[in-house]
Structures are given as C-alpha cells and as structure tokens.
Amino acid sequence: MEKRVFEGIKVAEFGGFAAGPGVGKMMADFGAEVVRVESFARPDGFRTHYPPYTDNEPGLNRSGCFAIHNNNKYDITINLKASGASEIAQKVIAWADVVIENFTPGTMEKLGLGYEALVEIKPDLIMVGSCNQGQTGPHANHPGFGSQLTSLSGFTHLTGYPDDSPILLYGPYIDYIGVGYGIISVTAALDYRRRTGKGQYIDLAQYEGGLQFIAPVLLDYLINNRVATRMGNRHSTAAPHDVYPCLGEDRWCAIGIFSDREWEKLVEVMGSPRWTHDPKFSTLPGRKSNEDELYSHMAEWTASFTAEQLMERLQSVGLRAGVVNNMKDLYNDPQLKHRHIWCKLEHPEMGSFNYESPAFQLSETPAVIDRPSPCIGEHNYYFFTNLLGFSEDEYNKLLEQNIIG
Amino acid sequence: MSFTNEENWMLGAFRALDLTNENGFLCGKILGDLGADVIKVEKPGGDQARNFGPFFKDQPDNEKSLYWFAYNNNKRGITLNLEEKTGRDIFCRLVKTADFVIESFPPGYLEGLGLGYEQLKQINPQVILTSISPFGQTGPYSHYQASDLITMAMCGMMSLAGYPDRPPIRVSVPQSYMWTGMQAAAGTLLAHYYRGSTGKGQHVDVSAQASMLCTLAHAPTFWDVNRVIPTREGPIMSGRSVTGAKMRTIYECKDGYINFIVYGGPAGRITNKALTEWMNEEDMATDYLKNKDWSTFDIATVTQEDIDQIESPAAKFFKTKTKKEFFKEAIKRRMLGYPVATAEEIFEDPQLTAREYWQKVEHPELGTEITYPGGFCKFSDASCGIRRRAPLIGEHNEEIFEELGFNNEDLRIMKQSGII
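Taken in order, these protein sequences are the chains called A and B. The first sequence begins at 1 in the numbering used here and counts up one residue at a time. The second sequence begins at 1 in the numbering used here and counts up one residue at a time.
Since the hints were derived computationally from the structure, they do not count as laboratory data. All values reported here derive from a predicted model rather than from experimental measurement. One thing to keep in mind: the hints can contain errors.
Selected chain A positions facing chain B (Cβ under 10 Å, derived; list incomplete) [as the list claims (entries may be wrong)]:
{"no.": "1", "residue": "E2"}
{"no.": "2", "residue": "H49"}
{"no.": "3", "residue": "I167"}
{"no.": "4", "residue": "D191"}
{"no.": "5", "residue": "P216"}
{"no.": "6", "residue": "T237"}
{"no.": "7", "residue": "V267"}
{"no.": "8", "residue": "M270"}
{"no.": "9", "residue": "S272"}
{"no.": "10", "residue": "R274"}
{"no.": "11", "residue": "T276"}
{"no.": "12", "residue": "F281"}
{"no.": "13", "residue": "S282"}
{"no.": "14", "residue": "L284"}
{"no.": "15", "residue": "K288"}
{"no.": "16", "residue": "S304"}
The beta carbon of each residue, even a glycine, is placed where N, CA and C say it ideally should be.
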C-alpha cells in the first residue's frame, strides 16, 4: 500500500453542519487523522435537526445527513463552556496540525481558542475559519447558513423561470463551495508549511468563494450594465436546450444542441418528421425565436422513449444528452458505480449506509472510505488515552468534571 | 490576526500547463490565484470558449469574452498545434519544465497523440497530470459528450430544482464547469502535497458528474436511509421535519424576493423570536407568534399546521418591506435570512467593499481597467488574488518560447507552418 496523501497529518474540527466538516471529511478520506469535537450539550445540528433518520425516528446517531459528511473521523465530546474545558481543547489542538472551525466569527475567541491564543501553543498551526461573510467587516458577526447565503450571493435570482418566483437550490449549496476552497487552502498551506516551517490563518468567507462561481454575471453588470436573470433551461446560443418528458412517471432527458450541424443530426435521429422541414427551424436564430413551438414538437417525440434509451441513442451519434437522474437513480448509475462513488459500510445504529467518495481519483493514493461516521463521543476514551496519552485517572477526572460530556 | 501586505505566493515556484476547455478553466485559475505560473496552451486561433458571451461592451469578439476574462486570468497564453509533430516536441520540452499538466480533452485523445500520462511520466517523472472530463477517463459513459445542462441533469441536481408542475431546471449560469474546475484543483493540490513528501507524481481523474454530487447535500441519503426520493418542490423545502412539514424558502417583498426559512436549532430559535419582536413593533405579530415558546421550538418534529401559523403572518409582513430594509434588520437583529440579490445589489454590499474583495485589473488592450472578484480566501501569511488579466491569443508565444531557448527565426518558421 502506498503512503496516504495526508499520512501523519492530524486535524481537529470544531463547529458543525457542512462547511467545516466537509473539509475534514475529504482530509480523512485521504488519510488524515481527523477528530470531530462536539458535546452532548451542543451536538452537531445535522444530528439534532436534519432528517433522514433511520426508521424516521430522530436520534443523535441516526441521521443520514450527519453520516454523509463525517465518515472516517474520530468523535469526542468536550463541553467547551465547562470550566477547565478550554485547556483540554487546547491540548487537542496542540496534538493537531490543522484546526477547522465554522462557528460564527468570535466564537472560538470567546472559548479561549482564537488563533492568537493557539499559535502560542502550536506555533506552526494551520487554522481555517469558514463562515458566511468573513472574519472582518461590518457583517462579519452575522450568523448564517448556506441555505440563505446562496440567495445573497446571486444564485437564487439566477434559478427559475423569468415569469415566476426564483428557486432556492436544494441544501446549503454555497457551503460546498466553501468546502472546496477550504480543502484547496488547507492543502496549499500544508505544502507551504512543509517548505517554510510556517503555519497560518485562513479566513474563508463562503460568500466570497461563492461569487467566483458567477463571475461572468458580475462582469456583465459592471461593463454592460446588464442584470442577468433566470431563464429556465434556455441558453442564449443553443436550441433546443432543455429537458424533455420521457416514458414513465416524472422521467426526463436533457438535450442540448449547439450548432446547425448538431441539429441536422438530431433531425436524422428523429426520422426527419414533417415539422422539421419548416425552414424556421433550420437555423439557430430561427429555433431561438420559435422555442416554445420547438419544445412542444420535441416533447411529443421524446415521450415515446425512456430517458435512458434517448440518452444512449443521441450519445451514439455524438449528441449531448443525459438522463435527469433522481436520488434513487444515482445509486444505480452505471458510471457512478464504475467510479465506486458509493461505499457501503455498517454503522452500529443505522445499519448499512452508503458513504460518498470524492469527485476525483488519484492513481497512486486513492481515497479510502473504511470507517462509518462516528456516534457522538464514540472515541472519547480511545482518543484521550491512546492518542493524547491521558492516564485512566486523568480521563476519569475529566468525566467527573463534566469536561468530557 | 494580522494579514500580510507583502506579496508572498505559496505556489510561486511551480508551473502548470493548462490545456483545458471550459470544464477546467477554474482549476488553472485557482492554482494561479495561489501564485503558480500557469501557461494556457491553446490551439492556433484560440480556444472555442473565447466565443462564450457575455462580451466586453456587447461586442462579440474572441478577444473580448467576459467569460474568458473571468476564468483565465492569472494565466499566460501560448498557441500550439499538438496534432503536428513539431508542436508535440515543443510541448514535451514544456512538460520538462512543468509541475502540473491540466487537460480536458476527450478521454484517450492525449494517449493517441503519444502524450498520455505514461508518456509524460517518461519525460518528467514528477509531473502531475490532471484529466478532466464529463464522466471520467474510464467507464461506460466515459465517451459521452456533455455540456453544463447534461452534467446538471446527470449529477442529480436538476431533479431537486424547479416547480413540481414544470420540468426540472438548472441554474441559468453554468455551474458544473466551476465545480469541476474546483474539484480538479483540489485533486491536483492533494497530489502535489503527496509529491512533496514522496517525490512521486500521479494521474488525477476528475469527473464533472461526480464533481457536483456534494451539492446535493443530504438529498441522496433520503433514498439510502428511508427509500424516499426527494424531488423539486418550487420555492418550498421539505426534509427538515420527520412529519413531512414543508417550509417556504422564498417570499415576495416590496421590490422583489427575500429568502427566509423557518429554522430550528439555536440560530433558528433566535431568528423566530427576533422576527416576532420585529413584527410586534409594527403590530403585525399574531397571538400564535406572541404566545409561542421559541426556546423549545423543534424543527425536526414540527407539524405543517405550526409552520402555516408562522409563515402566513410572516408573508404578509415581508410584503411591507423592501429587500434593503429586510437586509438591514436581519443583520441588526441577528436573524437568519437574506435578500435574493442581483448582480447590481452584490456590488452595493458594504461587507465586500470593507473586506477589499473587489480587485481592479488593467486591460491596456481595451484602454480600461475591469473590476473582478478578488481572492477566494484571505491567508495571514500568503497572497491570493489576481496578478494578471487573461491572455490574448498567443500573447506570450515569444516570451515563453524564448524561455525554452527558441530564437526569432524558429518562431517565424513555427508561425508560418501553423504550429503556433
């Protein structure tokens, strides 16, 4: 077995939900030792109020939402507000190379765990603070979640139909942009530390990361004074460009035609029906100005195929088409199966659960997903005695003092 | 903590060759934002995506694409015909000087030219090759074609977006290209970190379809855990309560829309209480809201009836507010919720200005400067942001080929024979 990417790297994770833990999960997938710090007083919100729960019964160790963000981690519980707790948390941090936190700015400082205090203990520490708005500025302390920030960052306004209310994307969309930039920043900082011996603080505003994803729209406003808006599935230089109904209940196939040459191929696949002979459909501008009519004709044709048949048929002649996969489809998608995206592991309370692999495969040092998401406090004893070297007595004392709890 | 003002580029000592199309632009840009010397290698005449709109002053021109500007800054640019032997020889000389090669050709294309990972490794054993494709380098769909729409469909995202009585929808601005580029940058840097401790390069295989799975959040787990298929529900969300209660996510306000969701947990309880107080100040809080004990409010078990009792007066209240008024009060009262912002409103946000997010970049060829989103993060001991605008077609041919040891006469011949 090759060495793992993050072999020997230790990570302490404070906070919860998606933005911080997502970074820790990817590091754990590639071999870092990651410890999740929670408490019974304040468990991760994904444990307490995010279904799905096994058998639809809420329980701290039964949430699929928590599970999918936290495989391959240790979980310990430190009641950070208890007296003496911050010294213990500092010992965890002294053990770590990287601290990931995604509390509202100021929280870590209040707990005695701000970066300034921590570098005293661990001079080459790498710490990433991931939050909505950034650690500085007039709105820094505003608490928030990705499900709202996605709207402030322009994505919601750009999703939906021009004639109707905008649509909020499922889940905390922008959190995961933060996760991506988080893993990028931490890895770059680790590489830099190895070469220079220097750690550093990373201020990651999910807002600022998110805006990178709509940069052309921002430039379009500044330069052309155009306020981009939602346009359903339509595309300014492609037609047809939409999803079309197929055989079965709520089944759809996406088709995008970007040139007249591609259009001619599509007409051929459709068997050159009479309506396609109308010259108004033979050029892109013509198809764009008759898009509603084009959609109805196309939908009539697509409705007699399954989405899978249609995708295969169009792809076989080099046209861009794809099934609108639903959540069940994803577990059966042959390509995702080929990439071993889902890794089934046994969880003590949830039974078998499919954990998610990263989007990229490294030829020499693959991700290894081999430990289920932890139950709350599952590794208290192991972590404090084996990894931090506490004696039985010291450990029991922490329990008595309610510091572990 | 203090942030350094001195320029210090973490990847300043590393070079990347970027052969990508739109599926991979962001990967090279991210390496460039961290200081890498990124060389965009285009076919003679320029990359196809130079024709993507919008354009500078709405002038369609392959040197004026704002899409290109946005995602190819921090790169130098050369043109090279890889289908000619001389072009490939030059490329191999470049590979000797490179730490990263990023490409997004159809799987197998580079192998066909004798430039696959095994061959590049012979030239430069430490090189990291990052291959980006719609579905991955191998597998049953590896030769399928895709654009953003197809990837958005295949990754599952569209099945969760839209109105129940209308087709699933994508985001109107391509998102899958960004996700794929970002995941590719992450994979590339992980491989780079590994190389730092072992001296070994490797091949990174990035799938666009898989790049967006993380954005589904916990939606797939509803199938895995409860055999339920979440689907599109318009401007409402479910999946927060075991009773199946649905919460509105988007409300009409005086001049557009705001995003507000009845939440649980500590932040949600504070929000609900603060909203009740705000409504009460304007005599719009109902008895239900006033009598509710928010400190015990539990979203995971809340019923639809409770939700309706909260949402219906809130909807009336929000209609009396502008987006700006709502934003200001949400910040002041520490409530969860934001306006549904447009590009125009994003530029007005004082937070981004205070953090010096926007970065002005000179465009001498257009006789102007353009304001861009700046660095994706702030590092206490390193720089992150834009150092140079996107390259014109073949702008750095001379500079880079001279670095490689070619003289003017060589360049003239290469130009004449269509190599560059």
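Taking the hints in turn, this is what the structure says about them:
no.	hint	verdict
1	E2	holds, 8 Å
2	H49	holds, 4 Å
3	I167	holds, 6 Å
4	D191	holds, 5 Å
5	P216	holds, 5 Å
6	T237	holds, 7 Å
7	V267	violated, 18 Å
8	M270	violated, 18 Å
9	S272	violated, 22 Å
10	R274	violated, 25 Å
11	T276	violated, 21 Å
12	F281	violated, 20 Å
13	S282	violated, 21 Å
14	L284	violated, 13 Å
15	K288	violated, 13 Å
16	S304	violated, 17 Å
In this structure, the hints that do not hold are numbers 7, 8, 9, 10, 11, 12, 13, 14, 15 and 16, in rising order.
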